[in-house]
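Peer 1: Below, each chain spelled out in residue letters.
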Amino acid sequence: MANIVQFENVGLRYGVGEETLCDVSFTLRSGQFHFLTGASGAGKTSLLRLLYLSQRPSRGIIRLFGEDAVILPRDRLPGFRRRIGVVFQDFRLIPHLSAADNIALPLRVAGMAESDVARAVREMLNWIGLSERATARPATLSGGEQQRVAIARAVIARPELLVADEPTGNVDPAMAERLLHLFHSLHRLGTTVVMATHDWHLIERVPGAHHLHLERGRLVDPDPDPPVTSPVPPIPPRPDAKPSTIVRSGL
Amino acid sequence: MTRGGKTRATGAEARALDDGGGAHVMSWVIAIMLFLTLLAGAAGLATARAAGALDRQMAGRLTVQIVEGEAQRRDAAAAQVLGVLRAQPDVARATPVAQADLARMLQPWLGTDAEAAGLPVPALIDVDLTSDDTAAIARVRMAVTRASPAARVDAHATWLEPVGRLLDTAAWLAGAIILLMLVATMAVVMLAARAGLEAHRGTIEVIHMLGATDRQVARLFQRRIALDAGIGAVAGGVLAGAAILLIAGQVGALDSELLGGMRLGPGDMAMLIALPFGFVVLAVGAARLAVLRQMRRML
Numbered sequence: 001m002a003n004i005v006q007f008e009n010v011g012l013r014y015g016v017g018e019e020t021l022c023d024v025s026f027t028l029r030s031g032q033f034h035f036l037t038g039a040s041g042a043g044k045t046s047l048l049r050l051l052y053l054s055q056r057p058s059r060g061i062i063r064l065f066g067e068d069a070v071i072l073p074r075d076r077l078p079g080f081r082r083r084i085g086v087v088f089q090d091f092r093l094i095p096h097l098s099a100a101d102n103i104a105l106p107l108r109v110a111g112m113a114e115s116d117v118a119r120a121v122r123e124m125l126n127w128i129g130l131s132e133r134a135t136a137r138p139a140t141l142s143g144g145e146q147q148r149v150a151i152a153r154a155v156i157a158r159p160e161l162l163v164a165d166e167p168t169g170n171v172d173p174a175m176a177e178r179l180l181h182l183f184h185s186l187h188r189l190g191t192t193v194v195m196a197t198h199d200w201h202l203i204e205r206v207p208g209a210h211h212l213h214l215e216r217g218r219l220v221d222p223d224p225d226p227p228v229t230s231p232v233p234p235i236p237p238r239p240d241a242k243p244s245t246i247v248r249s250g251l
Numbered sequence: 001m002t003r004g005g006k007t008r009a010t011g012a013e014a015r016a017l018d019d020g021g022g023a024h025v026m027s028w029v030i031a032i033m034l035f036l037t038l039l040a041g042a043a044g045l046a047t048a049r050a051a052g053a054l055d056r057q058m059a060g061r062l063t064v065q066i067v068e069g070e071a072q073r074r075d076a077a078a079a080q081v082l083g084v085l086r087a088q089p090d091v092a093r094a095t096p097v098a099q100a101d102l103a104r105m106l107q108p109w110l111g112t113d114a115e116a117a118g119l120p121v122p123a124l125i126d127v128d129l130t131s132d133d134t135a136a137i138a139r140v141r142m143a144v145t146r147a148s149p150a151a152r153v154d155a156h157a158t159w160l161e162p163v164g165r166l167l168d169t170a171a172w173l174a175g176a177i178i179l180l181m182l183v184a185t186m187a188v189v190m191l192a193a194r195a196g197l198e199a200h201r202g203t204i205e206v207i208h209m210l211g212a213t214d215r216q217v218a219r220l221f222q223r224r225i226a227l228d229a230g231i232g233a234v235a236g237g238v239l240a241g242a243a244i245l246l247i248a249g250q251v252g253a254l255d256s257e258l259l260g261g262m263r264l265g266p267g268d269m270a271m272l273i274a275l276p277f278g279f280v281v282l283a284v285g286a287a288r289l290a291v292l293r294q295m296r297r298m299l
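Note that the protein sequences, when read in sequence, are chains X and F.
Number 233 in my numbering belongs to position 233 of the first sequence; there are no gaps in the numbering.
Number 74 in my numbering belongs to position 74 of the second sequence; there are no gaps in the numbering.
A couple of the hints might just be wrong.
[What the hints assert, rightly or not] Over the 12 angstroms line for every Cβ pair with chain F, so calculated as not near, a few chain X residues:
#: 1; residue: R49
#: 2; residue: S54
#: 3; residue: D75
#: 4; residue: G79
#: 5; residue: F88
#: 6; residue: D90
#: 7; residue: R92
#: 8; residue: N102
#: 9; residue: P106
#: 10; residue: G111
#: 11; residue: R122
#: 12; residue: L141
#: 13; residue: G143
#: 14; residue: A154
#: 15; residue: D172
#: 16; residue: H181
[What the hints assert, rightly or not] Which residues of chain X face chain F? A few of them, derived with a C-beta cut under 10 angstroms, are:
#: 17; residue: L53
#: 18; residue: Q55
#: 19; residue: P78
These are computed hints drawn from the structure, not numbers from a lab.
Just so you know, even glycine gets a beta-carbon here, dropped at the ideal spot from N, CA and C.
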């Protein structure tokens with residue numbers, strides 16, 4: 001398996017204070033599923049920001065898709081960002097765009113033809129069970145629905161790396177499990193997933209998942225116990241879900 | 001947004017920025033700026049044209065005065081000077097001004113019967129030269145004063161020179177006003193684009209994180225500014241056109257030889273019609289510049 005992400009002694013400091021991240025080193029291989037845990041303020045969001053190229057480190061080496069992301073020229077960053085899907089903790093849906101238009105954004109940014117965009121968005125809305133809410137603005141969607149739109153936007157362009165910052169933080173346990181299943185489906189298609197979470201129960205539901213644990217900006221061994229390897233229980237299909245090419249393709 | 005670096009606009013892309021309150025203030029600003037610029041432009045072009053017409057009218061024209069108190073001697077001298085003038089190769093035409101016409105011109109100041117009251121009225125001869133060469137004027141002046149010491153030669157260009165200078169200054173001033181308006185418009189658009197970036201920061205950050213290039217983001221703003229500037233250009237252009245037509249009609253009704261030269265030719269009209277398009281292009285360029293500069297500050 002090829003290395004998708006490689007951190008070597010990465011440090012991040014905002015301003016002149018203490019380092020938010022200190023000597024962080026790890027490797028993410030293609031197709032792996034990683035959980036990122038840590039208490040609030042441990043540096044999870046900062047690490048994710050480095051991963052989705054919203055921030056450059058203060059020191060250290062970050063290799064992304066085989067290239068040194070620290071010295072990557074600015075004009076090459078958009079191309080790299082298109083290979084990364086991001087689910088923000090606060091969703092960051094564009095309020096004046098419909099659910100469908102929010103989901104379509106990455107495809108439009110990538111220059112996909114409108115007819116292809118419309119088909120892909122239809123399938124994605126069907127997949128997340130929001131076909132009936134395609135034209136709804138984010139403000140009229142529930143927290144769980146907004147979360148699903150944010151995830152759909154992150155995965156519609158089939159990213160090689162999916163970064164999710166506490167994507168289940170605002171939803172009930174049943175929805176959290178459904179979202180986890182969604183991420184796991186993507187992972188099975190070959191996407192490398194990094195999910196920040198506080199929910200240890202979710203971690204136990206993904207067999208073979210890797211675990212990165214941050215404490216005060218440093219990566220530490222999360223738990224002496226090995227990860228639970230029980231299979232993810234199947235989630236029954238939604239009664240209103242229609243077959244789609246994405247579903248058929250296993251996603 | 002793009003494919004292979006090429007631009008491809010979609011309606012959906014254009015919606016990425018909302019039409020928040022105050023978005024169309026730009027239309028008003030552009031309309032007012034363009035209205036004032038078009039008026040200044042029309043005034044400048046018409047004034048320059050009038051200055052040119054005045055130059056052409058005055059160039060190579062003289063008035064010869066025979067200042068002689070006694071009427072018979074005056075008429076004899078005038079006839080002699082007229083003969084000399086008509087014999088000069090530099091003179092295209094020499095026409096004596098009829099005493100009746102002269103009396104009519106002087107009537108407001110001297111009354112109806114100035115000559116009978118013993119007031120000396122000079123004889124005048126209008127002269128058109130074959131060229132506006134100063135040497136030709138000097139040769140004619142010498143010949144005239146040799147023919148009659150009572151004769152004085154006035155070159156029109158000399159005494160209308162201050163008027164010509166005033167018109168030239170007015171035309172240059174109008175040009176400077178246009179330049180200032182263009183600079184001010186550019187500055188306003190750049191400020192508006194930066195304010196727009198700030199207002200849409202959340203949206204821009206998301207689009208940026210999804211892999212949009214600086215040019216794609218700039219294009220969103222360019223499209224918005226082009227629309228606003230276009231609306232403003234139409235409004236400002238129509239209002240300015242109406243105002244120019246109104247003023248042109250009033251100037252025409254004055255029947256003034258000087259102001260009559262203040263006309264707009266086809267070239268002038270073409271320049272004025274091009275101004276609104278220039279404004280839109282300038283606004284779009286300024287917006288692009290502002291957005292690209294701001295975007296470069298983001299990672």
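Peer 1: The structure should be examined with respect to each hint, and the outcome stated for every one.
Peer 2: Here is how each hint holds up against the structure:
Non-interface call for R49(X) relative to chain F: violated, since the shortest CB-CB distance, roughly 10 angstroms, does not exceed 12 angstroms. The Cβ of S54(X) does not lie farther than 12 angstroms from every Cβ of chain F; its closest approach is about 6 angstroms, which violates its non-interface assignment. Residue-level check failed: D75(X) sits 8 angstroms from the nearest beta carbon of chain F, not beyond 12 angstroms. The Cβ of G79(X) sits about 7 angstroms from the closest Cβ of chain F, inside the 12 angstroms cut-off, so the non-interface label is violated.
Under the 12 angstroms C-beta cut-off, the non-interface status given to F88(X) relative to chain F is violated; the minimum distance is some 8 angstroms. For D90(X), the non-interface assignment is contradicted: its Cβ lies about 10 angstroms from the closest Cβ of chain F, within the 12 angstroms cut-off. The beta carbon of R92(X) sits about 5 angstroms from the closest Cβ of chain F, which is not more than 12 angstroms, so the claim that it is off the interface is violated. At the 12 angstroms boundary, the C-beta of N102(X) falls inside the reach of chain F, the nearest C-beta of that chain being 9 angstroms off.
Consistency note on P106(X): stated as away from chain F, yet its beta-carbon is not over 12 angstroms from all of that chain's, at 5 angstroms minimum. A cut-off of 12 angstroms between C-beta atoms contradicts the statement that G111(X) is not in contact with chain F; the least separation is 3 angstroms. Against chain F, the non-interface label of R122(X) holds: every CB pair exceeds 12 angstroms, the least being about 14 angstroms. Non-interface call for L141(X) relative to chain F: holds, since the shortest CB-CB distance, roughly 16 angstroms, exceeds 12 angstroms.
Residue-level check passed: G143(X) sits 18 angstroms from the nearest beta carbon of chain F, beyond 12 angstroms. For A154(X), the condition that its CB be more than 12 angstroms from all CB atoms of chain F is violated, with the nearest at approximately 9 angstroms. At roughly 26 angstroms from the closest C-beta of chain F, the C-beta of D172(X) stays outside 12 angstroms, upholding its exclusion from the interface. With a least CB separation of 24 angstroms from chain F, H181(X) remains clear of the 12 angstroms interface cut-off, as annotated.
Of the supplied interface hints, the one on L53(X) holds, with its beta-carbon coming within about 7 angstroms of a beta-carbon of chain F, less than 10 angstroms. Here the hint on Q55(X) is kept, as its CB sits about 7 angstroms from the closest CB of chain F, short of 10 angstroms. With its C-beta approaching chain F no nearer than about 5 angstroms, P78(X) sits inside the 10 angstroms limit, and its interface hint holds.
When held up to the earlier numbered hints, the structure conflicts with 1, 2, 3, 4, 5, 6, 7, 8, 9, 10, 14 and fits the remainder.
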